[in-house]
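Protein chains in written order, with the UniProt record's numbering: chain U, 1 to 646; chain F, 1 to 646.
These aren't lab readings, by the way, just hints derived from the structure by calculation.
Since the list can't tell identical chains apart, any single copy or any two copies may satisfy a pair.
Using 30 Å as the maximum straight-line C-alpha spacing, the simulated DSSO-like pairs for lysine-lysine come out as follows:
no., residue 1, residue 2
1, K279, K94
2, K290, K94
3, K142, K218
4, K290, K13
5, K610, K142
6, K606, K142
7, K598, K290
8, K218, K598
Number of protein chains: 2
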Amino acid sequence: MADYHVRILPDNKLITLSDEQNLLKAMTAAGIPLQASCGGRGTCGQCRVIIKEGQVCSSEAGTISQEEQRLGYVLACQSRPASDLVVEVPAGTKLGEHRVLLGEEQEARDARYGEDAEAFVLYGDNSYPAVELPVYRKIRLKIPQPTLDDPADDWGRLTRATRGETGIERLSVSLNVLRDLPRVLRDAGWDVSVALAEKDTWQGVEIAGVEPFPSGRKYYGLAVDIGTTTVAAELVDLETGRTGGARGSFNRQSVYGDDVISRIIHAEENPGGLEELQKAILETVNDLIKDLAGGLGIGQADIRAAVCAGNTAMTHLFLGIDPAYIRLEPYTPAANNIPAVQAGQAGLHIHPQAWVRFIPGTASYIGGDITAGVLATGMSEADTLTLFIDIGTNGEMVLGNNEWLISCACSAGPAFEGGGLRYGMRAMDGAIENVRITAGGSTVQYSTIGGGAPLGICGTGLIDCVAWLYRSGVIDRGGSFAPHTPSPRVRDAGGGKEFVLAWSGEAGGGSDISISEAEIKYILRSKAAVYAGIRSMLQMVGLPFEAIERVFIAGGFGRYINIREAINIGLLPDIPVQKYAYIGNSSLKGARLSLLSKSARDAAEKIAGKITYLELSAGNTFMEEFVSALFIPHTDLELFPTAARR
Amino acid sequence: MADYHVRILPDNKLITLSDEQNLLKAMTAAGIPLQASCGGRGTCGQCRVIIKEGQVCSSEAGTISQEEQRLGYVLACQSRPASDLVVEVPAGTKLGEHRVLLGEEQEARDARYGEDAEAFVLYGDNSYPAVELPVYRKIRLKIPQPTLDDPADDWGRLTRATRGETGIERLSVSLNVLRDLPRVLRDAGWDVSVALAEKDTWQGVEIAGVEPFPSGRKYYGLAVDIGTTTVAAELVDLETGRTGGARGSFNRQSVYGDDVISRIIHAEENPGGLEELQKAILETVNDLIKDLAGGLGIGQADIRAAVCAGNTAMTHLFLGIDPAYIRLEPYTPAANNIPAVQAGQAGLHIHPQAWVRFIPGTASYIGGDITAGVLATGMSEADTLTLFIDIGTNGEMVLGNNEWLISCACSAGPAFEGGGLRYGMRAMDGAIENVRITAGGSTVQYSTIGGGAPLGICGTGLIDCVAWLYRSGVIDRGGSFAPHTPSPRVRDAGGGKEFVLAWSGEAGGGSDISISEAEIKYILRSKAAVYAGIRSMLQMVGLPFEAIERVFIAGGFGRYINIREAINIGLLPDIPVQKYAYIGNSSLKGARLSLLSKSARDAAEKIAGKITYLELSAGNTFMEEFVSALFIPHTDLELFPTAARR
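If we strip away everything but chain U, and leave its shape as in the complex, we get (with noise of 0.2 Å):
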């Protein structure tokens, strides 16, 4: 075994690695994460490095074309050193800049929504009180002091007043409390402030502090959103309500596979993978914890509470719980509503004795991200019939009112996060996010995220794309290119055509950014499952879509939509664009509705047990509708009386 120094361009890092580790590992353990959807299996092509100087010993890799090779390009994940190396990481394929979505006005404000002026951004309605029984409190209790007539103990004292004040029976303590009870009573004349921390609703609440009154020091909670590409952060004053700000970053687990199938399977396929797996979410969110105690000037410690939300796949491994039976049918999760576990226990850098909560799921693919979601809207405390869509890698929805609600997953696939396409990639700069395509296909407008050169195209502009190629003739409504088409966009390419985007002259990477046919019936896939899990709801419960009063969209990839395109194409149900409302990143926000209302908690709760779970893999309901959703807009066009017809 021979160690070798290999220096990253653009950083100029400099690493050491064995002649047995390969690249992609290596870097993202150094620190610089590359995309890399497959999880490292050689498959995606998307952490492809430029070889500046020195040999390497690489894997053959289909995804690197020959000219590519010719300049150097090699998959990081196949390639391990074989002397000291030059390596060139291209703009793109360096994971870190993605934006994440944290659920506050101001970034809301830049949604799309705002432009068509027929959709709107709205934060929920939700009524849950600003706060209310935030999870970690302090309460004020005057103690009366003991005498020889009523010398009873100072815990039985404590527990005796607390139960008074709040009425709350079951109380525990934690050790490191009651080691010091009697003199902290007595310096303080009996006259104290009660940390009270609630666990769950079947562990009770622990008295987790006693000092003086009035207590000096501020604490605060943490809501996370835990999801399978972004992972989102915020800080919350418990007492105030108060937002002590915001992180967001990429999930590092993203090195292990774009989606939670590929994780699990690393997770089961490698020795130490689930620990690798943990380790990597802790990491990203102790990393946000750092940021935002260090950005409020306060220690991690006085953060005394937390609550996480998310899919199910993604609290399993964040708290290294055996994930495997959530992809074999029947799909069952270890655990839907996981007990509140301590942040030292956790490895969460907050105080250590914290308890970390966890928002309830439903089901393996319906988690506590949903319920968070459901929570935010308002709607299981509404009359309004309401859809929520939270698109991310997969497709959840749930409709319904404060009578009932039914939930739905579909695969999606990772198209809409610019995963499983050649130049798809994650809403970050150098995104292509808007397109529009005229002159037959010869004229191509587009903006990016951030203004400056295209590196590949991302979820929404991927909607607008297939939107206009219809639009201008370049592909029938089976995603087909058609037979003769004008365009000197559209060219053949081994296996089928193609149409470019941005030519290479005024790309960011170096050559032309394109979308292949296979792509597109790829995005067309990806359009059908998510319009086909609505329709199955609405079966289910049998609806008709002019019974849907409002729809909420969740999420990144919500952000950015456009509602007027994403019905054209067949995506969204044909419904009036201003029933849509954009709510931002729903999962943090129903998080933190969790940290500070306990109503908020209870019905979370309420809103777990009360979700009915659609299974679309059994029965042929989605199947059907999924096949007849393969066309742009549908099979059936009277579904999309308004859609844009050619």
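We have chain U; now place chain F onto it with these hints.
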């Protein structure tokens, strides 16, 4: 600071200590604990050692006679090395051969009750089931396998099945169990053995393990009696209820003082003092655990639960809880009812996730050991009016039946444990335990524990001694020596008379074993305190002695006591000897019952809540009773119609 080598005889152990360390602490740390009632303050004179070679720097010690000084005797606690040393530990100084009462039948048969034939040995007449919902138990569950129609999560299925089987609503789970749950359930074919660990009333039940059925491993519980002087522990097979062995040893805290008050003072006055005391008791218990597990050939992690019964101060010190206010009016402890803690947190060397429970107490001086004792007697469930007496360093008494319970505690002082007397010693080999003085004080017959040469006199021997000194005319009813006694055993010692029980020739320690007038009066004060306590309780409830239908005597002291002589000196009330019964180590028995039976645990909680504590220092009753009881047998002879007269 210089370091010296010190060789300890007869163990021939070599230790190194600096010229700033005293011999007592250094030897205790090296595993050679010495007797030291006063906690190393230089007043009890018990830690005498002989300097065979070398020089020490010693403070003056009034407790060492000039002759002894000539022989090289010094107090270890007052001596620091000034050169390398050879030190001999005389028999009687070393702590370690103490007989600890384990509550075992065989041992209790040794008691004098049997010989006496007037009293009898009884094991309590409680009727709790032998094995009924032990604190840690395993149940078999056949869990329905998930299907597409019923895909509920594993944890949900498990809790549903557990609730169905047990009716327990509040279930938590250890994260470790959850992590492996999916695979375990499937490997087991959904036929599993589920371990339920009861925490305490408030904290509910934890699912602590899931294994394929049948589970191969046995699981044990630990009952611990944390006494001030001695500590006893018993292993119990939680499935069958069979004992896995019992062990006892002295409490290593003894080096910091004989009674709870001196230990509390040590904790208060020395930085790190509380931690020292906690470490000492933990080491004591952990060594017992090691011995017990080793003896049974099981791993310490096979011990999955513990129930501790201790007096309030001991329980505080065991957990490192500030005990300061136990000794200050109004005598308020930090907690009477201590929530269960996990062994890892408590520092107990059993399974780290095992729950350690504490039998609840009533007040600072009526602790969990007394609740456990009352539990073991069964008196709280019987009509019979019963008096329960536990005389150790403190005297604790409970009077009552299934309708009411009243208790009090009197500072009997450590006389009955051999403390506070020059030749007093605990009930260990070489202690005079049985005395007969005849021929006007000239003839003394005695027997020692172990049958060897006498080293000192223990509590039961002292009672005999006082009774016979009175009977033979050496002392009067007030404990004063008669002005002219013909016995050669009565002599003047600096400051008063003394009576020689054993001459240096026959004694094992090389000097005469005697008892002084001051010491006799000290014993009378001790016996008066116990008697006055009993009288005060009776007065409180307005009942005469005759109303007492049964007396249970508990504890190590009670085991060797001669009831007849105890009545003769006025320590115990003059009621028929047949009413007295010996119950052994009732604290350990109560802890054992609690390990094995839920009814017993519920009863313990009820008992602790039901006992009315009579604070003897409030009001005049006790003081008046005490003063009247300072005579042999009492001022009022009518109270002792059957007591031996002279």
